[in-house]
Amino acid sequence: MTATTLPVRSQPRAGRTAPAGLARLLRVELRRNTMPWVLPLIALVFWFDSYRIAATLPPLWNSRTFYVLGQGHSLIDFAPFVAGVAAWMGSRDGRRGLTDLVTTSARSRFAAQFATWAATAIWAVGGYLIFMTATFWALSRSIVWGGPPYWPVAVGAVGVAAFSAAGFAAGAYFPTRFTAPVAAFGGLLACGMSSQIGFQSYGGWGLILPTNSNNNYGQDAGIFYQFLPDLPVARVMFLAGVTVALVALLGVRATAGGLRLRHIATVVAAAGAALAVTAIALAFTARVTSYGTVIPALHDAANDRPIPYTPVCGQAAGVPVCVQPAYQAYLPDVTAALRPVLGQTDGLPGAPVRVGQVATVFFNATGRGPQTSVGQVSTLRGEPPVLSMPLNVFNLPGSFGANQTQFTDEIKLQAVHAIVTRGGPLGDPAQIAVEAALMQHAGIPLAAQPRQVLAPSPWALPSNEPHPGTTYPRQIAAAAQRFAALPAATRHAWLASHLPALRAGRVSLAQLP
Amino acid sequence: MNVEISELSRRFGRTQAVAGVDLRAGPGVFGLLGPNGAGKTSLLRMMATVLPPSSGTLRLLDRDPGSYGPRREIRRRLGYLPQNLGYYPGFTVAEFIEYFALLKDMPSRQVPRAVAASIEQLGLGGKARAKLRTLSGGMLRRVGIAQAIVNQPELLLLDEPTAGLDPEQRVAFRALLREFGERATVIVSTHLVEDVAAACSEVTLMDAGKIVFHGTPDELIAQGEGHGVGDAPLERGYSAVLAAARS
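Top line first, the protein sequences correspond to chains B and D. If you count the first sequence from 1, you need to add 3 to reach this note's numbering. If you count the second sequence from 1, you need to add 4 to reach this note's numbering.
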């Protein structure tokens, strides 16, 4: 310690706080924040829970990002850590015995706390965005067409900010060492509840929850039609409102600063709460269309335009087969699966002259309201007939354990069903028996069909219709075996003369040869 | 006058921590002495604008700290070292002092120079980049003093500033206090009467929330003449005044 000459004292300033000082304060807080120390741990959890699984899913932006963003796994991976660390930072002055000293500072307590929170949030949100960028880059290496949805990323980023605000406010109001673990657990609980409520919420306020996976975006969003931003925008509004309200609450306290600041903080907190409530109200107006959730007040009609593309085509038994270019990796499987089916139906009345892919869309199942399940079947329409297949209805290889055989078997089943019924419900016994025989000659043994393909049925069943069992009823199985045992030419000739009647439901099981 | 206190009281529930204190102080170093629980820290916290008084009037640097605007202006020109100063273990010495310089709303451009000056004044140059968690108790106390003086305060309030300092540091610190006292009001609350004897131009002795003596150190020494308790003259004066106040 030296008694050197004291520097001349600078004239104290009156009036407003200099932004440069606040920026410098933020820089100190950024340098000494706890969040960067936790980011490697979050990275590990993120890799294990989000990226690792997303990378195994079909190489389509919607499939892969639906797991990470649509189901909110990326937010779930971040939220508990962010809430806990933010609570740790918020309780710092109280835990460290610095409350007296920071209280005597000229700068308002709110300004100091805001800088601490902002540094925490910048690290957390920055980490989230970097992780998502890296994830997109890594996932994109095997995706050949389209781009990722950005609005759900915004939801995740604002969600991270909201959890940081909630944790920080908890720490500031209850500055004990137990607040951080409690906040972390609270973050986990909030995400878990958000997901659980989401499983049952297809409409109403539950849609606003950031990890509610229902109706986020359709399975062919970003491929055939746009990712609709309506619901993500409402969620961003909700989470931003919550963030603003929670941060402003820090300025409402008597120790936060002057009366003017406290009044402004009160108004801002109320505005944040109003924004969140408005977003919830907007969620109540949401309706599910074929392509996703539409909120009329937020909807931009420009997003309803289909995405133009040039199909990629191959051939199966002389029939052109075209798919959307995002699915070009599956074209060989599709043509290989269709070849034995179309080979049997070549020349039949109403047999497809072309196979094309159609978009997988949301549908409205009887009695259940709009939901994300897809119940579409392949259809045979038009003159000359075109077989339209919604490929993403099927279990694409890699989607949650599905393999290539399951995928091709489903294509065969759908193609046969479309040709025999033109794409209606399950079918009558005669139709089922003919389908079974055709599938048997397409490479799926009769005994394997119900178990592997028809159970559960890939198409929507009226609620009062019995679900297919694990085996065909005895009479259907017998008729199918009898029909399959016919020579190919005989079978083809019978179909050529009876297929219209069979499709119309005018052939009984006993009438099958 | 930088400090003008009249009939100042502070009550915590049933405990009367400060009871009707009157005090005026201009530039100089003032020692605040008293036994444990005398009310020194409570008085200092009120002067530091941490605690609002229960009653009485308090004017600091010609301003009333009761309203926010003047209180903020006082805080810009105030330095305060609490009795139990915590710290952020991950901050370096320079960052900690810079942080509080910024909280004191110093002009951003002047902060680096002011931080460097206070680090030099407290002899912390070699530890400027050391994390606070690595410092000894005495070093941390010096960091606390450095943050208190970084804004060159006109009113410097130090609660037990020499606790944990070694004798050499204490001597240097007293010289620093004397230099500050030439143009600022420095109020030092302490148990160590030798600090008062060496550095203070005036001394105030508190007991049971009241001021029982106010004068120069020599006047306090004179109170102890003929009194047998204490090794040093100032200690004898301290004991004599307390004994008289309690009798």
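In short, the hints are calculated from the structure, not lab data. Check the hints yourself; a few may be wrong.
[To be verified] Restricting the straight-line Cα-Cα distance to at most 20 Å, the calculated cross-link-like pairs of lysine to any residue (SDA-like) are:
#	chain 1	residue 1	chain 2	residue 2
1	D	135	D	179
2	D	135	B	39
3	D	214	D	90
4	D	214	D	94
5	D	135	B	343
6	D	131	D	80
7	D	135	B	37
8	D	135	B	407
[Stated by the list, open to error] Residues of chain B placed beyond 10 Å of chain D at every Cβ, according to the derived structure:
#	residue
9	23
10	26
11	28
12	128
13	343
14	398
15	408
Think of the CB as a built atom: it goes at the ideal place given N, C-alpha and C, for glycine as much as any other residue.
**Item:** Beyond 10 Å from every chain D Cβ - status for residue 398/B
**Value:** holds (51 Å)
**Request:** Given the hint that residue 135/D pairs with residue 179/D, test it: the Cα-Cα distance must not exceed 20 Å.
**Result:** Judged against 20 Å, a Cα distance of about 27 Å means the pair is violated.
**Asked** residue 131/D and residue 80/D: Cα distance at most 20 Å?
**Response** violated (27 Å)
**Message:** Please verify whether residue 214/D and residue 90/D have alpha carbons no more than 20 Å apart.
**Reply:** violated (29 Å)
**chain D versus residue 128/B - minimum CB to CB distance exceeding 10 Å, so not interface** = Residue 128/B is indeed farther than 10 Å from all Cβ atoms of chain D, at 21 Å.
**Message:** For residue 408/B, is the shortest CB-to-CB distance to chain D above 10 Å, so the non-interface label stands?
**Reply:** Answer for residue 408/B: holds, closest chain D Cβ roughly 57 Å.
**Restraint check for residue 214/D with residue 94/D, where alpha carbons must lie at most 20 Å apart** = violated (41 Å)
**Prompt:** Looking at residue 23/B again, its CB stays over 10 Å from all of chain D?
**Reply:** Violated, because the least Cβ-Cβ distance between residue 23/B and chain D comes to about 4 Å, which does not exceed 10 Å.
**Request:** Sort out whether residue 39/B lies within 20 Å of residue 135/D, counting only the CA atoms.
**Result:** holds (17 Å)
**Prompt:** Are residue 135/D and residue 407/B close enough, with their CA atoms no more than 20 Å apart?
**Reply:** Answer violated: residue 135/D to residue 407/B is near 59 Å, above 20 Å.
**Message:** For a C-alpha distance cap of 20 Å, please report whether residue 135/D and residue 37/B respect it.
**Reply:** holds (15 Å)
**chain D versus residue 343/B - minimum CB to CB distance exceeding 10 Å, so not interface** = holds (68 Å)
Taken one by one, the earlier hints fail for this structure at numbers 1, 3, 4, 5, 6, 8, 9, 10 and 11, listed in ascending order.
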